[in-house]
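Throw the hints in and build the complete structure from the sequences for me.
Chains as they are written, first to last, in my numbering: chain A, 1 to 117; chain B, 1001 to 1324.
Keep in mind the hints are simulated off the structure, nothing from the lab.
Here a beta-carbon is modelled for each residue, glycine too, at the ideal position from N, C-alpha and C.
Take the hints with a grain of salt, since some may be wrong.
Cut-off 30 Å, straight-line C-alpha distance, at most; resulting in silico cross-link-like pairs (DSSO-like, lysine-lysine) [as the list claims (entries may be wrong)]:
1) 63(A) to 47(A)
2) 1297(B) to 47(A)
3) 1145(B) to 1127(B)
4) 1168(B) to 1152(B)
5) 45(A) to 1297(B)
6) 1127(B) to 1168(B)
7) 45(A) to 63(A)
8) 1300(B) to 111(A)
9) 1095(B) to 1168(B)
10) 47(A) to 1300(B)
11) 111(A) to 63(A)
12) 1300(B) to 45(A)
13) 99(A) to 45(A)
14) 1127(B) to 1300(B)
15) 45(A) to 111(A)
Sample of chain A residues lacking proximity to chain B, with all beta carbon distances greater than 12 Å (derived) [unchecked claim]:
16) 77
17) 79
18) 93
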Amino acid sequence: MSLFDELGGADAIDTAVDIFYRKVLADDRISHFFDTVDMEGQHTKQKAFLTMAFGGPNNYTGKDLREAHRHMNLTEEHFNAVAEDLLATLEELNVPQVKIDEVMSIVGGTKSDILNL
Amino acid sequence: MPAIFFEGEELDCRPGESVLDALNRHGKEIPSGCRAGVCQACVLLTDEQQVAARHQQGLSAAQRDLNYFLSCQCQPTSAIHVRRPDSGANRVRGKLVNREWLSDQVVRLQLDADMDYRPGQYITLWKDSSTARSYSLASHQTQDKWLELHVKHIPGGAISPWLCNDLKCGDELTLQGPMGSCVYSHTQDRPLLLAAIGTGLAPVLGVLKDALVNGHHGPIYLLVGAARHSGFYYQGALLRLVEEFPQVELQFLVQTWEGKACPGLIEADIYQYCRERFSDLSGYGVYLCGAPTFVQKMRKQAFMAGAAMSDIATDAFLAFGETS
Ligand SMILES: Cc1cc2nc3c(=O)[nH]c(=O)nc-3n(C[C@H](O)[C@H](O)[C@H](O)COP(=O)(O)OP(=O)(O)OC[C@H]3O[C@@H](n4cnc5c(N)ncnc54)[C@H](O)[C@@H]3O)c2cc1C
Ligand code: FES
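What follows is the structure in structure tokens.
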């Protein structure tokens, strides 16, 4: 069973997105990428991202990820910051370590696409 | 360059240009209001289902099925066939039955129109076939006989001076809607924070009425902010309304104190006040209405204070041409 299903599917994931979004907004290293007037739109994007990271149904392809992040001049530090905030979110939700490892490895797999390497 | 086929006629569309702007540039009179995807004045129909689907935010299920789309939001990347909806997309005729100045800036309009709505939603009012603006509903569909709007008079504006001064009782006008999702949607025991500035009070009042009609018994914190004393209206009526309901706590907040005391009025910055008084908003239903800058700032603040994104409802009064 994927973490996505274990957490309770699409509805339950909203809580995880809220926690994660608060963390990135409070994170000076990356908050400027997320601090937009269109908070609902941003929330939707993050929901798609977490759904993918949690092994749920997703429509992302490597190409989409590349395209979406192409002009953002992202660095390793930005990527790590997001990963740390995600890790902290999972810990706050008391997700078991094996599942955390799964999620972090999915996210790690997107690194070259997100950083356009 | 993508082509637009407007009722059969082929017209060019510049890169990055919206369907609305392109058609206007070619001299086609396509009505518009907000140009921000909110008022729905600019709806058109298309045969390209996938195109339509990306620009249907806020439209009804029926309209979505019929491939209505918001032409101000759609920047075509390939050829698109569009036409005007002949039925006039969820419009009804209404009549002004009453107009009253609530302060020297704000008018209350009562309209007689046959429309199913929820308090806190908004409608788009048409002055003529190409000029329209949105206004929020302060009335309750079962408690109030007429639709009630609060309109702030903006000198030189295209619509509000007409609504505030020129339109006469008995005159007919076209209403479109209702739209929007800033409606009472929480269980009766949840704490609610309702915050408004200016005529943002209209939708907040609608939500408050609906909460009370639905027997809401959790605490309701009603905050009404203004820069100066002259920005308030309806104070007496609100004070009387909440007297009957001990679960409602009403607070007026003025930014610059001008020495005019009123029950429930304090001098405070509404953001600062909320940060201190409502430092933990987890579990709250939050309703934020009024100027877009206020709504955006408060939404972020409420979210950071623990309110779930799905529990924050907003009605941002975008001015014409402002994008969110
Ligand atoms: C969803 C929604 C709900 C709304 N609900 C309400 C409501 O309940 N009550 C209400 O009064 N308005 C409401 N508005 C705003 C309303 O739609 C109009 O924008 C407003 O009445 C001005 O229209 P106008 O034609 O008179 O002025 P316009 O011709 O549009 O503008 C004239 C000039 O005044 C400026 N301007 C516009 N609005 C303001 C303002 N508030 N303060 C200062 N300058 C301004 C414009 O930028 C422009 O330069 C709402 C808007 C939206 C999108
Ligand atoms: S929704 Fe397009 S002009 Fe308002």
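Hint-by-hint comparison with the structure:
no. : hint               : in the structure
1   : 63(A) to 47(A)     : 19 Å, holds
2   : 1297(B) to 47(A)   : 22 Å, holds
3   : 1145(B) to 1127(B) : 23 Å, holds
4   : 1168(B) to 1152(B) : 17 Å, holds
5   : 45(A) to 1297(B)   : 20 Å, holds
6   : 1127(B) to 1168(B) : 13 Å, holds
7   : 45(A) to 63(A)     : 16 Å, holds
8   : 1300(B) to 111(A)  : 29 Å, holds
9   : 1095(B) to 1168(B) : 9 Å, holds
10  : 47(A) to 1300(B)   : 17 Å, holds
11  : 111(A) to 63(A)    : 12 Å, holds
12  : 1300(B) to 45(A)   : 17 Å, holds
13  : 99(A) to 45(A)     : 22 Å, holds
14  : 1127(B) to 1300(B) : 35 Å, violated
15  : 45(A) to 111(A)    : 17 Å, holds
16  : 77                 : 23 Å, holds
17  : 79                 : 24 Å, holds
18  : 93                 : 14 Å, holds
Checked against the numbered hints above, the structure violates only hint 14.
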